[in-house]
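Peer 1: Each chain, written out:
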Amino acid sequence: MLENYLPIIVFIFLGLAFGVGPMLIGYLLGPSKPYEEKNTQFECGFPAFDDSRMYFNVRYYLVAILFILFDLEVAFVFPWAVVQSQLGWFGFIAMSIFLFLLVVGFVFEWKNGALEWE
Amino acid sequence: MELWQAFVQMVHTLIPWLDGTVANILIILIKAIVLVMPLMLVVAYFTYAERKVIGYMQLRIGPNRVGPKGWLQPIADALKLMTKEIIFPTKANIYLFLLAPVLAITPAIAVWAVIPFDEGIYVTNLDISLLYVLAIGSIGVYGIILAGWASNSKYPLLGALRSASLLVSYEIVIGFALVTVVMIAGSVNLNTIVQAQQGGIAHWYFIPLFPMMIIFFISALVETNRAPFDVVEGESEIVGGTHIEYSGMTFAVFFLAEYANMILMATLAVVMFFGGWHSPFEGIPYLQAVFAWVPGIIWLLAKTSFFMFLYLWVRATFPRFRYDQIMHLSWKVFLPITIIWIFVVALMTQFQLAPWF
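Chains F and V, in that order, are what the protein sequence lines are.
The first sequence lines up with residues 1393 to 1510 when you count with the numbering used here.
The second sequence lines up with residues 4 to 360 when you count with the numbering used here.
Source of the hints: derived by calculation from the structure; they are not laboratory data.
The reader is advised that the hints may include incorrect statements.
[Unchecked claim] Here are the simulated DSS-like cross-link-like pairs (lysine-lysine), alpha carbons at most 30 Å apart as the crow flies: (1) K1425(F) - K94(V); (2) K94(V) - K1430(F); (3) K1503(F) - K335(V); (4) K335(V) - K1425(F).
[Stated by the list, open to error] Far from chain F, by Cβ distances over 10 Å, these chain V residues were calculated: (5) S154; (6) P231; (7) E248; (8) A292.
Note that CB positions come from ideal geometry on N, CA and C, so glycine has one too.
Construct all of the structure, not just a fragment, from the sequences and the given hints.
Peer 2: This is the structure:
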């Protein structure tokens, strides 16, 4: 059983190699003539106005929180989905209650404008 | 297959250390390289196909200088990128800056370990392969966030924020869409899901799950940052998004990851909704016999190529969406539809709707 997971590890290391290898090749083959102007960050040709670690819209944070909630729901639904055809009506009603609670929360956040981007 | 078995035997007798673990790893490595090398070649020629197809769609010729009809163009591009200078911005957090492309491409390659190509042709057959695909696939977002943050520049940061919230929003939609497939197939093993679709086009899941198939494909476009949802690097707004500060091979690695992900999403759409390696002529009296000699992997690749072509077609056809519209589409349109469709599928299974259950 566990030997099924050995290829995963091999693939992850292969993926790392495919990330590091080309960059190494590029570093070795490419020229390296840095100067100050070249190494500044890009800002449409101007010198940078102020720090780039700036304030950003709180909505991104809100989306992240909602994502955690809903992704957990997905994770809960998966085991039920695998066996739902054998559970019959009991499983259907149980999942209906679960999803109903989810939908109530969803409607709440929709009505409160958490999904608006303006 | 017998030849392969004999080869495996030979490797095991030649390298007997550690109860054959070393030999096992070697064999997996051979399998992995046999899979990944063609994948990289496909990525290279997918970029060529993209330029050529979009060129013809816009009444241009596309690349036609390097080699006959421009066939060597991807090779020339690769050589060019290799010999470009890698710029390290002074203000960037250099280790995170270099880690980001690696984090982007590692999941893009690692996912391929569980994709079934034909009856019995896969690198590994996990019982939870679909969960593995979802889990590893969501690591890719770290690469983009890190790239945006470590660049220490404004546009990359904006691009990363946009990208991160887009990716996570559509991940939920993809998750729910795939739940419906799991409900019908009764398994999270990709091999079993494909086997459950045996028996001709009528048994493929895109018929009972038609809206889910559409939603999955559109979400796949978003997940891979493709037009018309490429606000992440929308060049008219934030120049190049997270990729701005990357040059030469560091950029190329991001590029590889993005295209590998596109091919993966196309393959996944085929595996989940279009019967994987099954021939579309199964069960049709005359045609089935005529096409019986075609191996399953050819069908899989043909269907995948069609979806890859759809990517290009969509890009050439639609203008870019506005950011708030994309978020609106995900949370207010797709999410309710997927939740409703879970109920519909549950009812369909309870009433034993033929021929899928």
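Peer 1: All hints are to be evaluated individually against the structure, with a verdict given for each.
Peer 2: Results for each hint:
no.	hint	verdict
1	K1425(F) - K94(V)	17 Å, holds
2	K94(V) - K1430(F)	12 Å, holds
3	K1503(F) - K335(V)	11 Å, holds
4	K335(V) - K1425(F)	50 Å, violated
5	S154	7 Å, violated
6	P231	17 Å, holds
7	E248	6 Å, violated
8	A292	34 Å, holds
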